[in-house]
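Could you put together the complete structure from these sequences and hints?
Which chain is which? The protein sequence lines are A and B, in order.
If you're matching positions, the first sequence starts at 907 in this note's numbering and goes up one per residue.
If you're matching positions, the second sequence starts at -11 in this note's numbering and goes up one per residue.
Just so you know, these hints were derived from the structure itself, not from any lab.
Be careful, since some hints might not be right.
Claimed, not checked - Heads up, simulated DSS-like pairs for lysine-lysine below, C-alpha to C-alpha not over 25 Å straight-line:
#1 A:K970 x B:K24
#2 A:K1039 x B:K24
#3 B:K115 x B:K157
#4 A:K970 x B:K25
#5 B:K24 x A:K950
#6 B:K104 x B:K115
#7 A:K966 x B:K24
To be verified - Simulated coverage check for chain A against chain B, where a stretch passes if three residues somewhere in it have a Cβ under 8 Å from a Cβ of chain B:
#8 983 to 989
#9 1101 to 1107
To be verified - Rough simulated footprint, nothing fancy, chain A against chain B, three-plus residues with beta-carbon under 8 Å:
#10 4 to 13
#11 21 to 29
#12 37 to 43
Just so it is clear, the structure is predicted and the values come from calculations on it, not from any experiment.
Note that beta-carbon positions come from the ideal geometry of N, C-alpha and C, so glycine has one too.
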Amino acid sequence: MEHKNPTFELFGMYGNWSNILMLAVTTLIVFLIAFIATRNLKMKPTGMQNFMEWIMDFVKGIIKSNFDWKTGGRFHVLGITFLMFIAVANVLGLPFSISYDGVLWWKSPTADPTITMTLAVMVIMLSHYYGIKAKGMKGYAVDTYLKPMPFLFPLKIIEEFANTLTLGLRLYGNIYAGEVLLGLIAGLATSSAFGFVGAIIPAMAWQGFSLFIGGIQAFIFVMLTMVYMSHKVSTDH
Amino acid sequence: MSFDYLVLGASGQDGLNIWDSLATLFFFILLMALLKKVAWGPLMGIMTQREELIASEIAAAENSRGESERLLEEQRDLLKEARTVALAIVENAKKQGDASREEIITIARSEAIRLKESAIREIDTEKERAIAAVREEVVSLSVLAASKVLEKEISEEDNRALIEATIAKAGEVN
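In structure tokens:
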């Protein structure tokens, strides 16, 4: 149950091979899904093309609920990639986890706070970047930090950090908790024959629920990304 | 059972996993760039294309509906015109029929009058001739009779002149 991580040190910076491996696997899977689904595109969509188009329209709907499409359209690719990347990453740890010599190799990459916080910081940085790009330095500073009331300035600063933290840690917490519980159920299943029988139903239930949570969290992440973007980019809200 | 491993950052190492962050960024941005090129781009392209196709199809349908409405209107106008023309033709024919009937009747009437007149004329001539014939017959009979009565042979010419004068007097009385 107590897993070590395959850490390494390079140029005085730490890393975790299992995270990097799982990120690579996630990237590969998402790429293959999207690549295979968009081969042989047709005017009358069939099969996987329908699915991908549904995802596109879904993200388009999320964006449209926050911006008008003219300003929000450029975030479409970001949104779709986020949705698929996070959903796949969330689900990867569900069917099994692999540990070798007490070192955990296979898990959800999003069950690691470093990765989710990286994504969250990236989103927040992007939102600031696009805010400056859309309004200019002065408009961005006034709109972001001095509205609606100048005396709320300290709170606005805190809000930026709180947004980043909650965005990253919400995802991490949900997925990590799911993996921990799955680990506990798996521990019960391997303890005895009796425990195995007892663990079947909870394991299936929790895996189903984790699948659901994985999807929901991916959706929430994309939704909040677009909300933060629109707060910075849109002039009226 | 220890729950120490549930504690955040419990992997026992100190410091932030910078490589993990870099790897996350690297993989995510790589994925986004690749997919934009090979998947999202073409997919968005085909979706836009489809939107355009639908829009153009709708426009075409609208156009052809307008066209067919225009044609229908045209046909209706033509039909109306044809009906008017047909009515006029029938009217004309009726008028012409009336006219020719009048004409035929007039011709027939004049012909009848002419026939009647010629018949009357013929009857007159026939009557004249008959009267002349009868007169001659009467004259010769009278001459015969007179000559029989008188038994005396007077000159035929005198006799005849006398008798004809007598008969002419009688005819005038008639």
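Output the numbers, in ascending order, of every earlier hint that fails for this structure. Failing hint: just 9.
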